[in-house]
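Trainee: The lines below spell out each chain.
Protein chains: 2
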Amino acid sequence: MPTPPATSGRLLYAQSGGVTAVINATAAGVIEAARAKGVPVYAARNGILGALREELIDTTKESKTAIAALRHTPGGAFGSCRYKLKSLEANRAEYERLIEVFRAHDIRWFLYNGGNDSADTALKISQLGKAMDYDIRCIGVPKTVDNDLAVTDCCPGFGSVAKYTAVSTLEASLDVASMADTSTKVFILEVMGRHAGWIAAAAGLAGEGTDEPPHLILFPERVFDEAAFLAKVKATVERVGWCTVVASEGIRNAEGRFLAEAGTRDAFGHTQLGGVAPVLAALVKEKLGYKYHWALPDYLQRSARHLASKTDAEQAYAVGQAAVDYALAGMNAVMPVIVRSSDAPYRWKVEPAALRSIANREKKMPRGFLTRDGFGITAAARRYLAPLIQGEAHPPHGSNGLPKYGRLKNTGVTKKLPTFEH
Amino acid sequence: MPTPPATSGRLLYAQSGGVTAVINATAAGVIEAARAKGVPVYAARNGILGALREELIDTTKESKTAIAALRHTPGGAFGSCRYKLKSLEANRAEYERLIEVFRAHDIRWFLYNGGNDSADTALKISQLGKAMDYDIRCIGVPKTVDNDLAVTDCCPGFGSVAKYTAVSTLEASLDVASMADTSTKVFILEVMGRHAGWIAAAAGLAGEGTDEPPHLILFPERVFDEAAFLAKVKATVERVGWCTVVASEGIRNAEGRFLAEAGTRDAFGHTQLGGVAPVLAALVKEKLGYKYHWALPDYLQRSARHLASKTDAEQAYAVGQAAVDYALAGMNAVMPVIVRSSDAPYRWKVEPAALRSIANREKKMPRGFLTRDGFGITAAARRYLAPLIQGEAHPPHGSNGLPKYGRLKNTGVTKKLPTFEH
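Chains as they are written, first to last, in numbering that gives the first Met the number 0: chain A, 0 to 421; chain B, 0 to 421.
Some hints here could point you the wrong way.
Unchecked claim - What follows is a list of derived Cβ distance ranges for each label pair:
#1 B:E95 with A:A253: 53 to 63 Å
#2 A:R238 with B:E95: 29 to 39 Å
#3 A:D105 with B:R346: 57 to 67 Å
#4 A:R102 with B:A227: 45 to 55 Å
#5 A:E361 with B:H421: 25 to 35 Å
#6 A:F419 with B:A227: 36 to 46 Å
#7 B:K290 with A:S398: 31 to 41 Å
#8 B:A103 with A:E211: 30 to 40 Å
#9 A:F419 with B:L229: 31 to 41 Å
Unchecked claim - From chain B, some residues computed to sit far from chain A (all C-beta separations above 12 Å):
#10 N23
#11 R44
#12 Y94
#13 A103
#14 D132
#15 Y133
#16 R251
#17 R346
To be verified - 25 Å max Cα-Cα, derived DMTMM-like pairs, lysine to aspartate or glutamate:
#18 A:K408 with B:E207
#19 A:K414 with B:D180
#20 B:K408 with A:D342
#21 B:K408 with A:E207
#22 A:K415 with B:D180
Hints are computed from structural coordinates only; laboratory data are not their basis.
The beta-carbon is built from N, C-alpha and C at its ideal position, and this holds for glycine as well.
Could you put the whole structure together from the sequences, leaning on the hints where they help?
Mentor: What follows is the structure in structure tokens.
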């Protein structure tokens, strides 16, 4: 018989993995929903590490205005981390420590805001209640720019990086088009996505029709075919006058090697990581002789709150609110996911889904989203992607011309336990 | 005795060199001002090349709405080029061809929108009137993201790339700060500016105080000092927990070599250009062992109309309008420049300046704008830079989530002359 839900105690919220332009909107959703129900919220400093280290932040010390500002502030307001808990068998001490910290601070609900790995962590913690005789309800909250979480129709964080990528592709292409006669003919934009090509696919929204940019998209779902790539670049330059290529960082050659590792060496002779764009550019120059430029926006793409998708910002907030509702209703081992009921007009709602169907899975692009030649997106992909970048959510700007991003006090909670060596 | 100004005829407008987020706002200023005075405007396709090739565009075929949309559309609407005219002595045929084209199409005013080189071209053409017995008035119109034009207080195009750089530095730094405990500790943003560090300096507006990003700025005005760089990165990481570096693409070592050429080799073993960020990142990794990330936004920074500075967009429009006023008033060999009368509140106006005092010069950052250690900007630099990024000028967005950028018909004018081999 399940334990009845806690009626007092605190809720602990933690951010995990790579941050996004809207993960703090989720934090705002969590904190505002909990406040509305009179439940105090602690946040873990630097994700699960804060819970292990007993480095907790008391969000009740923050003003209403400061919490509201999280809705338009990028980065992770409480700090995030890349740290994966081992299994209960492999490192029982870590789980015991978590329960010890929860017990010391009367944490009854734990909300873990992250991607696949974090859903796995949340699932493990959700199972601790019975194993360690402590009533803890654990809810996973979706977040990842990669859009590779299972079950949910899309993932908060993705819509904004998708919008950034589509707009940047459009803008840079206007630049290239106007200079192509005497300058750059091939422009290569490298985007995130090591295993799934969702972000690269979103660049496809920049234009429609074969002559509009991007002319080629390179997906990690397809083996990189050098000959086909070069032939299409050449044909595009000859037909259009220039060519925009969007490349996922994760593309591999037929031997399964990342192109980004395919030979570029730094000043010390080490293989240089994290740049598939310069490798492709060198290939274009060597084999076709075209003048090129390339861009690698890296963190700029996932922190660009100034260009966030309104849809994404709203979904990020909504999953935070729903997570609190689920937790306080006594649910456990679930995640609020986005369910789409219509593409156009776009309609969506939030529903709970079991963490065990999400943890450690990876949603790749459906085969039907890529064109036959593998260099573009289909109408089905457009129907899926288009609503996710809709709407603007401009942050307020100061008189200094910069967005007015919030900053929390992040007041620490007094520790009650001895230091834990993890 | 000067020729009296033409009272009929056409005005020819051409865009030159690297385009910006607001060069089309200048085009809008030119065309709207000329229309108001009943003067028809032709535009040269791909800058001065269009004039040489007699590839002219009839802007009278464009609707009022289409011209107005140029105010918020990046890239170069008529095409631009990198092409420098030789001296009159070295290639008299080219100048004779220009006059021939002007004469064939009754071009009485020529407005050339560009940077240092273009001011030189404009100056040469302004002197043709006498030499070739044809009444042509030539006005240079300022444009460059590099902000290195002499005489003018600032240069249209710079304020927007400055804003993009400051905002991107701020946003990416929020990302890095939240992950630094277990992930990236050093983030390097490479920005444009081969000879002058204006764009890099603008990144300094992202924060104030020694602990706020960017923690180091690397200027082309200073020789790169590896030991001092590494020491400051290390001290910053130890004190703040992480470190943001903004590097101008043009930084050089003590031997005068571009760092971007200092050893990175592509897959074919060629020295790889255009990436100082990966060279610095490799250095940080090799010497300090910190995890790093780097970004190189390239064309994204100069085409990001979605994040344009309102001040910049207004100045770009104003110089276009003033250029038409000057031309129709019979002025020759001048450029409308921005004159600042007050930093705060920011006050500016447009005045004519002689092209001969602008052509082929390069305005570097004043010595007093760099901090003593050469890694930051001074209060004087802030006073100068701050007004230039003020105000937002959001383009209208479509229901598809993308900015509604304009597209012209660019109707060609029937050629009257034989082909010119240049």
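Trainee: Taking C-beta pairs only, is Y94 (chain B) more than 12 Å away from all of chain A?
Mentor: Label holds. Min Cβ-Cβ 19 Å, cutoff 12 Å.
Trainee: Taking 31 to 41 Å as the hint, is the beta-carbon distance of F419 (chain A) and L229 (chain B) inside that range?
Mentor: holds (34 Å)
Trainee: Could you see if the CB distance from E95 (chain B) to A253 (chain A) stays within 53 to 63 Å?
Mentor: Taking Cβ atoms as reference, E95 (chain B) and A253 (chain A) lie about 57 Å apart, which means the hint holds.
Trainee: Could you see if the CB distance from A103 (chain B) to E211 (chain A) stays within 30 to 40 Å?
Mentor: holds (35 Å)
Trainee: Non-interface claim for N23 (chain B): all C-beta distances to chain A beyond 12 Å?
Mentor: violated (9 Å)
Trainee: Need the status of pair K414 (chain A), D180 (chain B): alpha-carbon distance at most 25 Å?
Mentor: Holds: K414 (chain A) and D180 (chain B) sit about 20 Å apart, inside 25 Å.
Trainee: Grab the minimum beta-carbon distance between Y133 (chain B) and chain A and tell me whether it stays above 12 Å.
Mentor: Fine: 27 Å to the nearest Cβ keeps Y133 (chain B) off the interface.
Trainee: Beyond 12 Å on every Cβ pair: is that true for A103 (chain B) relative to chain A?
Mentor: At roughly 22 Å from the nearest Cβ of chain A, A103 (chain B) sits farther out than 12 Å, so the non-interface label holds.
Trainee: Is 25 to 35 Å right for how far apart the beta carbons of E361 (chain A) and H421 (chain B) are?
Mentor: Given range 25 to 35 Å: violated, Cβ gap about 56 Å.
Trainee: Looking at R44 (chain B) again, its CB stays over 12 Å from all of chain A?
Mentor: Non-interface label on R44 (chain B) violated, nearest chain A Cβ at 8 Å vs cutoff 12 Å.
Trainee: Do the alpha carbons of K408 (chain B) and E207 (chain A) lie within 25 Å of each other, as the hint requires?
Mentor: holds (18 Å)
Trainee: Indicate whether the distance between the beta carbons of R102 (chain A) and A227 (chain B) respects the range 45 to 55 Å.
Mentor: holds (51 Å)
Hints 5, 10, 11 and 20, counting from the list given before, are not met by this structure.
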